[in-house]
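Asks: Sequence:
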Amino acid sequence: MGTRTSGFYRHDLDGLRGVAIALVAVFHVWFGRVSGGVDVFLVLSGFFFGGRLLRNAIDPGAVLHPVTEISRLVRRLLPALVVVLAASAVLTILIQPETRWETFADQSLASLGYYQNWELANSAADYLRAGETVSPLQHIWSMSVQGQFYVAFLALIVLTGVVFRRMFGRHARAAYVVLLSALTIASFVYAIIAHNADQATAYYNSFARAWELLLGALVGAVVPYVRWPMWLRTLAAVIALAAILSCGALIDGVHEFPGPWALVPVGAALLFVLSAANRYADPHTRGRIPAPNRLLATKPFVALGAMAYSLYLWHWPLLIFYLAYTSKSRVNFVEGAVILLLSGLLAWLTTRYVEEPLRVRRAQAGTAPKAHASLWRRLRRPTIVLGSTVVLLGVALTATSFSWREHVNTLRANGKELSTLSLRDYPGARALVNNAKVPNVPMRPTVLEAKDDIPESTVDGCISDFDNIGIINCTYGDKAADRTIALAGGSHAEHWITALDLLGRMHHFKVVTYLKMGCPLTTEKNPLVMGDNRPYPKCREWNERVMPMILADKPDFVFTTSTRPWNIKDGDVMPSQYLGIWKQFSDAGIPVLAMRDTPWMVRDGEPFFPSDCLASGGDAVSCGIERSKVLSDRNPTLDYLARFPLLKPLDMSDAVCRQDYCRAVEGNVLMYHDAHHISSTYMRTMTNELGRQLGLATGWWTS
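Reminder that position 410 of the sequence shown reads as 410 in UniProt numbering, one-by-one numbering, no gaps.
Using 27 Å as the maximum straight-line C-alpha spacing, the simulated DSSO-like pairs for lysine-lysine come out as follows:
1) K416 with K437
2) K328 with K629
3) K479 with K416
4) K554 with K583
5) K479 with K554
Honestly, the hints are just simulated from the structure, not real lab data.
All figures in this text were calculated on a predicted structure; none of them were measured in a lab.
Build out the structure end to end from the sequences listed, making use of the hints.
Replies: Here it is, written out as structure tokens:
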């Protein structure tokens, strides 16, 4: 039932594994969708690895050697991974701008350490990184989940094996079925809860994915007892294979997994496993297996399954690097075909010359006949050289990643001087508003400094993240002042804190924060995250909590954004969901400082980082955007002043854009630290103009 030595190895499942990974590659390359193949792959990994360990644990005469198992996993998983990571590192340096190298270094270390899924989960919840381009190592999240499961399951079996055999004797298998069932149910329930709370983060969560592998292991424990009539097994195999092949076209896995819809590919994989159970359970029916299983047990599919792991590793970075090199968002049919063919060739070479030689056990040297001892030694020498080369590649990759991270951290540490840059050398917005002279000096922040040129409130933890519906109040400006401005909304309200803090100290008012990532003040019942349009129910919950608090605190003014970019056409708009907010403030007699949103850097419908563009050889113009594409001719807020007299419009568009164009750099200062948040350095240069407009709006001072 699954061991090669017993003669009952499931070659059809090798074929299914090949089909699953081929679907992953095809759907990624040609359709930009999730096929469900990874879920099938996880189930089969649980079945093969978990089933083998379970049989070991249940067999009274078997002895489990954890060190041997770990060694087997290392030989099986790491060599191909190291080769692909090393190749990806070279391509990153050749193709990607240096602003992306740090992310690659972080994810290389995460991939080698098998925690890449957690690295991506953190990125999905980190608004400062949410707009970054897709990583060439993003797909390794599933390998990390698989590796974590292997270690955890091995530990579970080691800890329970002897105890279960002694306590339950011949009923040890039943005890394991109960234990695995409980763990599977717990993981599945957790997956549903996590999926509903934050699907983007749950997608990479090991605990939300564990049920898929556990189900595979559970079936490995019960498959010997399954008895099906031939016609029903054939029907099950046909249905299972059809579901697996059609899953990617029918289900949007990117947004639906690992929730209940993941049961489709997982259930189909389990059904296929069970469809040929009789053949391996009953000696009298060994030759009778359903036609789909016989098909996938043929040499072409088994060969595809043998190189499935390497194919999975290669196809994604080749696709991402090609898109980065060509500046495209998708490939056409011919380009996709070339990528798939090249992926297949590299997968075959990696399997043949890296994976297979290093799977050979050292123990084979001792069991080789004397007549073949010299031959074994000659064969073993290249294997040692290959293994040493892979180890050196891994060490070099790790050392390089750490070194680059240290280099970037040193640059950022030196970047603390950004707050004290000379306005004469770095006039920034003053070059637009006051026609200040712009001397010929290097741009600041540099492309490597930009990422950390963020508001102090972010550093202080004064903005709720995506998962947090709590209200975090921090005070800036003149903390002892009687006059108060409430800074409320999302990160596009937050980035004004740099200038507001300076103005508060200068004009004696305090600024109290009410901020949540990606969440403006809105009455929207089903809000979405701006940029990727994923559901954001916690934004609604936060709004329902923050509005009563602001109204109760009754600040002198509320400072928040009043417009957003259109999703369907050029320009900006004041969303109708903001009107209910204005009414609540108006009814409470609280005036609103309504700031027009700053432009978002978008190209071909996708956000882009000006720092990346500049690092790739672009300039202030080529890395900017036409003003008409991001800003309407007239501030949309002005259309609502008659209806809401307490609305005080603020518009800093002329401090970030010229008459017809929004450049990436003005007055020697890089304007954005990502795709749509103003850098703190540039924000400081807007302080005078913001102060002029605030003084007129509040009446607290005159410029």
